[in-house]
Structures are given as C-alpha cells and as structure tokens.
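Protein chains in written order, with our numbering: chain B, 1 to 248; chain S, 1 to 186.
For the record, the hints were derived by calculation from the structure and aren't laboratory data.
Accuracy of the hints is not assured; some may be wrong.
[Claimed, not checked] Pairwise CB distance ranges (calculated):
hint, chain 1, residue 1, chain 2, residue 2, range
1, B, K31, S, E122, 21 to 31 angstroms
2, B, K202, S, Q113, 43 to 53 angstroms
3, B, F17, S, P176, 34 to 44 angstroms
4, B, S42, S, R157, 35 to 45 angstroms
Each residue gets a CB set at the ideal place from its N, CA and C atoms; glycine is no exception.
Residue strings, one per chain:
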Amino acid sequence: MKELTVEQSYLIKLEKFEGPINLLLELIKKKKFDIYKIKLSSIIIDFVNYIKKNKDIILDTLSGFLYTASILLEIKSKSLIPSKSATIDESEKIDEDILKKREAEYKVFIKISNYLIKLYEEENLYYLREAPIEKEFLDAIPDFLNTINIKEINSLASKLLQHKEDRMDLSSIYKESLSVTIFEEMERIKKILEDKDDIMFKDITGNYTKLIDKIICFLSILELYKKEIIDILQFESFGNILIKKAGN
Amino acid sequence: MNNNGDVDFYKDDNWLKTCIEGILFISESPVKLADISYTLKVPENKINKIIKLLENEYIEQNRGFILKRVARGFRFYSNPVIRDILKKFVKSNIRTHISQAAIETLAIISYKQPVTRTQIAEIRGVRTESVILTLVSKGLIKEVGKLKEPGNPIIYRTTDKFLELLGIDRLKNLPPLEDFKENGGN
Chain B
1 MKELTVEQSY
11 LIKLEKFEGP
21 INLLLELIKK
31 KKFDIYKIKL
41 SSIIIDFVNY
51 IKKNKDIILD
61 TLSGFLYTAS
71 ILLEIKSKSL
81 IPSKSATIDE
91 SEKIDEDILK
101 KREAEYKVFI
111 KISNYLIKLY
121 EEENLYYLRE
131 APIEKEFLDA
141 IPDFLNTINI
151 KEINSLASKL
161 LQHKEDRMDL
171 SSIYKESLSV
181 TIFEEMERIK
191 KILEDKDDIM
201 FKDITGNYTK
211 LIDKIICFLS
221 ILELYKKEII
231 DILQFESFGN
241 ILIKKAGN
Chain S
1 MNNNGDVDFY
11 KDDNWLKTCI
21 EGILFISESP
31 VKLADISYTL
41 KVPENKINKI
51 IKLLENEYIE
61 QNRGFILKRV
71 ARGFRFYSNP
81 VIRDILKKFV
91 KSNIRTHISQ
101 AAIETLAIIS
111 YKQPVTRTQI
121 AEIRGVRTES
131 VILTLVSKGL
141 IKEVGKLKEP
151 GNPIIYRTTD
161 KFLELLGIDR
171 LKNLPPLEDF
181 KENGGN
C-alpha cells in the first residue's frame, strides 16, 4: 500500500474542525463551513512547525498542501474585499468554477506524474555499458580546442572576471534624494503619450542621472499599467521597454 | 569480397548481422535505423529484420544483454533478469533523482507540448522558473522557439533524452490524456 501523502496524513486541528486540508477546502466550497471562522495564519504556522520537526519526511507532495492552502487564501481574501455590484455573486461563482477546473486539471497531471515515475523506476531494471569509448574512436574525434591558445583563454577569463567589478553598490541609492515623485512622473508620462503613440523607457529617463529617479519613473509606469492607462512591451530579456497608450 | 577488397554488403546476411551488432556495440546513444541504413547502404526494412533476429537471439540464448528500442533507436541494455547481480557490481547508482516538481513539470510538458512556462505554472499553481532551468540543463526539455505574443515567451518540448530516461520509444506511446481523467467526482 502506498504511504499516505502529507496532504492526506497531516491533520489540521482547529476549534471546530480536525482533518486534512483537502477536506477543509471541500467543506468550505460546499458552504458547510464558514471561512471567516478559520485563522489561516495559524494553520500555516502549525504546518511550518510540523515541517521543522519532521525534517526527514520526504515532503514531495508539499506542493499539494501549499496549493490547497493558497486556494483557501484566495477564497478568503476575495471574500474580504467589499462587493461593489449586485453581480458579485456571479463573478464569485465564476472564480469558483475556475478554481475547480484548475484543481481538476492539476489532479490529472499528478496522476500522469505517478505514471511517469513508474516508467522511470521500471527503467532502472536496465543498466547501460558505462565504459568509455575505445581509444581508436576517441582519436577520430576532432580536437575542438585546436585553434584556441592560452592567450585567448586568458583574455576571455579577464573579461568575465572584470564584469563582476561593474556591479553597482545598490545600498547607496537610498541615500540619494528624489527629484520627482511617482505621481508627478505619472502625469508627465501621460502628457507625453498625448502627443505620441508610444515611447521607449530609456527615452523618458534619458535626462535622469540619479538611479533613484529612474526607479521612481519605472514604478510610475507600473502604476500606470495597473490602472490600464498604458501597455508595456519588451521583446527580449533586458531589451528596450516600449510604453504605449492602452488599447492600441 | 570484390576486386577492390571492399566487402559486398548486400550479399551476406550474416555479415550484415555482424556489422549491425558492431555498430550498436560502439554507440553510446540509441542508434536510428536510418543511420545504420545509410552507413551500410542497405534498406531500412532489411536492417529492421536483422535487428529483430538479434533481439530474439539474445533473449533465447539468455545473454547478459538485450536490445531495446528507445527514443526511436536501438541500444544495448543489460538483461533485466540479472539486475540484482549487476547492482552489486556497479559501484554507484548514478541514476538522477527526479524531484516531484520536476516530474509534474515533465508530465505537463509531455502532454501539452509545445508549451510556455506560464502555461505550466497555471496548472501547477506555483512558480516554475527554476524547475525549467534544471530540466533544460539536464537535457530533458529544450527551447523550440518563442510565441508571437507580448513578452515573447519561450516554448518548450521534451527531448529524446526524456524518452530514454523513461524507456519510451516515441511520445505517442504514452497513454492518451483521457486515460488519466476521472469520470465524475472524487
């Protein structure tokens, strides 16, 4: 028989409930248990203490527990946000449906994972010849280092090692005083986008010498993005950031 | 042998058997039919027939090794019946340990490929960056391009090494997704 997973065997102990976290979630979904009555923080703290005491347990289904706990967090936090419209019930239902669907899909892949592990373990019945390739064949392999000399390796190494010294000391940024506030930057960027369709982040901050000001500007574009006033595009890692009016 | 001293590959089946056995012997990774066919200048179905002969021979003669078809190629493996003896002989079992996170990610990629990191994370419900990096470095998954979407996310597929790890010949040998779905409630 397979051992019970942590998800199944770890019991949450509350005033009015004792059982595995999955059961708690089911009861809440069926509205048989009021999520307001649950202190999620103490559930999590208890679980963390449990893990600390039982370090030698193989917790490879820890992700399952965390996943269920985060669903509970999501449900509780949504229920704490004041509802603005009468259609809130509908959107709550949609969210629940999405959660259900996601959970079901995740379960399917847990099953697939177990199947793949079975295949992997069966594969352990076979060993491979670990001996290296024979000398005649080794000699036939071309020498890839043929054209490289020690001078080139030396200069490559120097370049790589030097790069580290370019790292900025970030602690000094906070000692600088701000030239602009986020609010001011947001207004400035909105004004720029009145005339232009888009602009690069580097062009907006071109005049800024202090790093802190560039950071403020970046925070303001994030805020504008949150408010759906702009779209942000970046086509490659560490590439140029393009800021556009939203909805283009 | 003909006048040039070259062997007439076409003629002798026994000679072909020896050649194929030799090729499989020196290969470190699964050998594809097409490659053997190209080297020996013999049609694939003939090579296939001879390999089947070899496969059966090894089993019938109870050899210490067998031929297995994996990752669309053929390879020598030890005979599973002597696994426990070999275990004592092999000093370290260097089978890589696969974490739960890795196997879940592999499960998703193998059935949903090509797929992006975000799509994987949506199903698992957790961040997947480091798992993906590990799987790429282990050669079990590879980047196959980028999606034409904002952010241009990278798309991933499983590799032949993944097939080798699980002893599968092809992806389509995996059971269909439907087999893993539940009918009705828990």
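So, going through the hints one by one against the coordinates:
Between K31/B and E122/S the beta carbon distance is about 26 angstroms. The supplied range of 21 to 31 angstroms therefore holds. About 36 angstroms separates the C-beta atoms of K202/B and Q113/S, a value inconsistent with the hinted range of 43 to 53 angstroms. The hint said 34 to 44 angstroms for the Cβ distance between F17/B and P176/S, and at roughly 39 angstroms that hint holds. The supplied range of 35 to 45 angstroms is met by S42/B and R157/S, whose beta-carbon atoms lie about 44 angstroms from each other.
The structure is inconsistent with hint 2 alone, although it conforms to all the rest.
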